[in-house]
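Trainee: Please work from the sequences and hints to get the whole structure.
2 protein chains.
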Amino acid sequence: MDRTYISDLGQKIGEPVTMCGWVDVRRDHGKLMFIVLRDGTGTVQVVINAKHASAFEAAQPLRSEWTVRLTGTVKERPENMRQDEPNGSIEVSVESVTVLSQANELPFEKDADLNLDTYFDHLPLTLRRARSRDIFHVQATILQAFRDSLVSWGFTEFQAPVLVGGDAEGGAAAFKIDDYYGKSAFLATSGQLYKQIMVGPFERAMTVAKTFRGEKSATTRHLAEIVQMEFEMGFVNDHRDVMSVLEDVMRVIVGRVTEKHADVLKRFDVESPLLPKNSFPIFKLSEAQEIIEREFGGKAMGELDLEPEHERQVCEWAKKEHGSDFVFITHFPTQKRAFYTHTDPESPTYSRSFDLLFRGLEINSGSQRIHDYHELVNTMRSRGLDPEKFAFYLQAFKYGLPPHGGCSTGLERITARMLDLANVKEASAFPRDMTRVDTRLANSEE
Amino acid sequence: MDRTYISDLGQKIGEPVTMCGWVDVRRDHGKLMFIVLRDGTGTVQVVINAKHASAFEAAQPLRSEWTVRLTGTVKERPENMRQDEPNGSIEVSVESVTVLSQANELPFEKDADLNLDTYFDHLPLTLRRARSRDIFHVQATILQAFRDSLVSWGFTEFQAPVLVGGDAEGGAAAFKIDDYYGKSAFLATSGQLYKQIMVGPFERAMTVAKTFRGEKSATTRHLAEIVQMEFEMGFVNDHRDVMSVLEDVMRVIVGRVTEKHADVLKRFDVESPLLPKNSFPIFKLSEAQEIIEREFGGKAMGELDLEPEHERQVCEWAKKEHGSDFVFITHFPTQKRAFYTHTDPESPTYSRSFDLLFRGLEINSGSQRIHDYHELVNTMRSRGLDPEKFAFYLQAFKYGLPPHGGCSTGLERITARMLDLANVKEASAFPRDMTRVDTRLANSEE
Numbered sequence: 001m002d003r004t005y006i007s008d009l010g011q012k013i014g015e016p017v018t019m020c021g022w023v024d025v026r027r028d029h030g031k032l033m034f035i036v037l038r039d040g041t042g043t044v045q046v047v048i049n050a051k052h053a054s055a056f057e058a059a060q061p062l063r064s065e066w067t068v069r070l071t072g073t074v075k076e077r078p079e080n081m082r083q084d085e086p087n088g089s090i091e092v093s094v095e096s097v098t099v100l101s102q103a104n105e106l107p108f109e110k111d112a113d114l115n116l117d118t119y120f121d122h123l124p125l126t127l128r129r130a131r132s133r134d135i136f137h138v139q140a141t142i143l144q145a146f147r148d149s150l151v152s153w154g155f156t157e158f159q160a161p162v163l164v165g166g167d168a169e170g171g172a173a174a175f176k177i178d179d180y181y182g183k184s185a186f187l188a189t190s191g192q193l194y195k196q197i198m199v200g201p202f203e204r205a206m207t208v209a210k211t212f213r214g215e216k217s218a219t220t221r222h223l224a225e226i227v228q229m230e231f232e233m234g235f236v237n238d239h240r241d242v243m244s245v246l247e248d249v250m251r252v253i254v255g256r257v258t259e260k261h262a263d264v265l266k267r268f269d270v271e272s273p274l275l276p277k278n279s280f281p282i283f284k285l286s287e288a289q290e291i292i293e294r295e296f297g298g299k300a301m302g303e304l305d306l307e308p309e310h311e312r313q314v315c316e317w318a319k320k321e322h323g324s325d326f327v328f329i330t331h332f333p334t335q336k337r338a339f340y341t342h343t344d345p346e347s348p349t350y351s352r353s354f355d356l357l358f359r360g361l362e363i364n365s366g367s368q369r370i371h372d373y374h375e376l377v378n379t380m381r382s383r384g385l386d387p388e389k390f391a392f393y394l395q396a397f398k399y400g401l402p403p404h405g406g407c408s409t410g411l412e413r414i415t416a417r418m419l420d421l422a423n424v425k426e427a428s429a430f431p432r433d434m435t436r437v438d439t440r441l442a443n444s445e446e
Numbered sequence: 001m002d003r004t005y006i007s008d009l010g011q012k013i014g015e016p017v018t019m020c021g022w023v024d025v026r027r028d029h030g031k032l033m034f035i036v037l038r039d040g041t042g043t044v045q046v047v048i049n050a051k052h053a054s055a056f057e058a059a060q061p062l063r064s065e066w067t068v069r070l071t072g073t074v075k076e077r078p079e080n081m082r083q084d085e086p087n088g089s090i091e092v093s094v095e096s097v098t099v100l101s102q103a104n105e106l107p108f109e110k111d112a113d114l115n116l117d118t119y120f121d122h123l124p125l126t127l128r129r130a131r132s133r134d135i136f137h138v139q140a141t142i143l144q145a146f147r148d149s150l151v152s153w154g155f156t157e158f159q160a161p162v163l164v165g166g167d168a169e170g171g172a173a174a175f176k177i178d179d180y181y182g183k184s185a186f187l188a189t190s191g192q193l194y195k196q197i198m199v200g201p202f203e204r205a206m207t208v209a210k211t212f213r214g215e216k217s218a219t220t221r222h223l224a225e226i227v228q229m230e231f232e233m234g235f236v237n238d239h240r241d242v243m244s245v246l247e248d249v250m251r252v253i254v255g256r257v258t259e260k261h262a263d264v265l266k267r268f269d270v271e272s273p274l275l276p277k278n279s280f281p282i283f284k285l286s287e288a289q290e291i292i293e294r295e296f297g298g299k300a301m302g303e304l305d306l307e308p309e310h311e312r313q314v315c316e317w318a319k320k321e322h323g324s325d326f327v328f329i330t331h332f333p334t335q336k337r338a339f340y341t342h343t344d345p346e347s348p349t350y351s352r353s354f355d356l357l358f359r360g361l362e363i364n365s366g367s368q369r370i371h372d373y374h375e376l377v378n379t380m381r382s383r384g385l386d387p388e389k390f391a392f393y394l395q396a397f398k399y400g401l402p403p404h405g406g407c408s409t410g411l412e413r414i415t416a417r418m419l420d421l422a423n424v425k426e427a428s429a430f431p432r433d434m435t436r437v438d439t440r441l442a443n444s445e446e
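Respectively, the protein sequence lines represent chains A and B.
Heads up, the first sequence is in this note's numbering, so the first residue is 1 and it goes up one at a time.
Heads up, the second sequence is in this note's numbering, so the first residue is 1 and it goes up one at a time.
It is possible that part of the hints are untrue.
Which chain A residues face chain B? A few, computed with CB under 10 Å, are given here [what the hints assert, rightly or not]:
hint: 1; residue: 64
hint: 2; residue: 103
hint: 3; residue: 107
hint: 4; residue: 166
hint: 5; residue: 198
hint: 6; residue: 373
hint: 7; residue: 398
hint: 8; residue: 401
No farther apart than 27 Å at their CA atoms in a straight line, the calculated lysine-lysine pairs in the DSSO-like style are these [to be verified]:
hint: 9; chain 1: B; residue 1: 176; chain 2: A; residue 2: 176
hint: 10; chain 1: B; residue 1: 176; chain 2: A; residue 2: 389
hint: 11; chain 1: B; residue 1: 176; chain 2: A; residue 2: 425
hint: 12; chain 1: B; residue 1: 31; chain 2: B; residue 2: 12
hint: 13; chain 1: B; residue 1: 51; chain 2: B; residue 2: 12
Calculated directly from the structure, the hints in this document are not laboratory data.
Think of the CB as a built atom: it goes at the ideal place given N, C-alpha and C, for glycine as much as any other residue.
Mentor: As structure tokens, then:
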């Protein structure tokens, strides 16, 4: 008999079915054994009655995470046994059990509250938890919505490289490969230079880039390997054209997550992100600092960036006053932004840059870029960067780039805020940081 | 006036328009200047008549790759001047010219036939060539078709990590980061172990993984950084279930490329890939070797794999006899495949493995995998691998994985064969190999 996926069982009431999956939970009630069966599409309750002797016997050794093929009949549950969840009103009465693979006894209870290190130590098992599956289903949807929306607006996806010749931006701590065919190479800290180059061929370019940061940071926000969703577009008037596309992307992402994963949002006890009817609120950094001081007290004015606490405050205020979980902060001091950032001609100590905050966290950073070759070279020099080291990149400008701008969204950060995860590492399936690459570094071998 | 994209000009005949773009080519005919203008959506011919004095004057300095904003009126070309190409029957008569950015004189003629090294040295410029834009538009479509088809069949995308703790498969030459927070780390040679792990949470998992191979190979097929389109699925009967999904993916890719890029295929003088009405032809390695000896002479039988020349021959034969540009080769000797490959129980020196050849080149490799924990550990030991070093990965098996299988398609390889590119490096926007990371290594600085 062809296999039926668990999500399709509701359409087969009264029919015989064969299912494959993992034993999620097993409970014994004398002559009845109850199993929650899990496959890639969902879970369902299965009952094995002792009167089906060979099935009942075959089921005796079953424990959590064993995989099985089960054949039985789909039945409606008695009214008083129904649950308000997928397949909550059906169960499958099973008459045949085939074990496909066994599992060791689990090192902890299925739903035990684990500390993060234990959770990460056992990812090949713990990623199977409902909570983890939810997180990464939502993450896949976010990524897909990002790509689909930009493709529909004329952006072309390209592959930004991971291996680069130097630590391009000069600021971030880049990981180094000491022996790259006898020379050295580095891991990209951003796809920035490449997406600017790709404005030349495509005008509108996007990439989902793996980026790497070796800072010695142990905060809940630091990952050594990050997925950046980046886009760059030509012929902009200023940074606001980029913000406008970004806002549209965010609206598609929120719409898609809300539509596909209402059940997940409910399980995580979070609301669908609040979107204002009109545009996302936009404040210059100095305006945001005024709001923070006025509404929350403390000292913010004159700082070159927002402290994490200030990001949370301005978001709290924007939610209350503007009905928005998203806030743009613009016009950061030029000296605080990367060398390629365009200044604001009206006030050159400030830049045509922005951050997008989402529920208290900066999830995106962008700007209009310098497009004039000579201005870019001069800016590099004024910052102590050697244009010679950027000769490859600078060709894009030598041979004509229009006014352009772009931005970069951290996939793990937006996922974490979407589901209110306390630590961004939970939004990386295989997080890398100061302390671990799969296993903890203290225990790792050279 | 709002900007009109070049691809939309055909709908605006007789109307005033503003366009932005690059000067692709400029030609002077006395009192008429002709410009081919290029934006992200296409090209169009523009005419500037000396009678529009200020526009004509502003246009005088224009050279290839300058970027401009032009305002004018869309006109139909005289019958005898029409070309059979997009916008071939219109031109825009321009009355206003604004220069947005300048470009240096190009280092070579726009369409000069360049050797590959010169081409790669100047990628920020040469990626703008029509040929390069075509290649990477097609590549973006291939990737999108891969993802869309698998998502529609219930696969969930995840992010395989780049940073890994060890050279997992023990065979490939992995690049090493000597100082990863005081320990060492490596770059992934494949997403294999992670996609097997992700069968646990998702049953059907896919990833577009950056992978890295440090072999000292200078062939036209070697790249140090590769994009692998990978998927893995649970509850398979054997490798043929994987092949069946892969074949469907290839049919979607071919369909999408043919539909969206008929013009590109024409410009590259290649046919749309030939698909057999029934399934792709499948030969065991030994059968393929027989065919090669019988049809082409030479020595093939008994070899553990196909030589590149033999791959070309079996493809040539399959195209002639089966009307297919795709051929599956199965049952490679177990000893030649990775440790996780499932043997064929009927003949254990052979494996439930396959390669997919496309137009003479292996573009995909896959198999059913070992799913039993003890069998996997024993196989590792028999191959001299230390199961301790795989402890993280092995948890997936300790805690129950069903029979599963998967495969991996090289994005650059399938792109190269789709467009008949002589060198796979041309299908990587920023190719990395023994000799270069953007710039040539001989010239690179430590």
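Trainee: Now tell me, hint by hint, if it's right for this structure.
Mentor: Evaluation of the provided hints:
1. 64: 8 Å, holds
2. 103: 3 Å, holds
3. 107: Where the cut-off is 10 Å and the nearest Cβ of chain B is about 9 Å from residue 107 of chain A, the hint holds.
4. 166: 7 Å, holds
5. 198: 7 Å, holds
6. 373: 8 Å, holds
7. 398: It holds, given that the least Cβ distance between residue 398 of chain A and chain B is near 5 Å, below 10 Å.
8. 401: Result: holds, 6 Å to nearest chain B Cβ.
9. B:176 x A:176: Holds, because 9 Å separates the two Cα atoms, which is no more than 27 Å.
10. B:176 x A:389: 23 Å, holds
11. B:176 x A:425: Judged against 27 Å, a Cα distance of about 24 Å means the pair holds.
12. B:31 x B:12: 26 Å, holds
13. B:51 x B:12: 23 Å, holds
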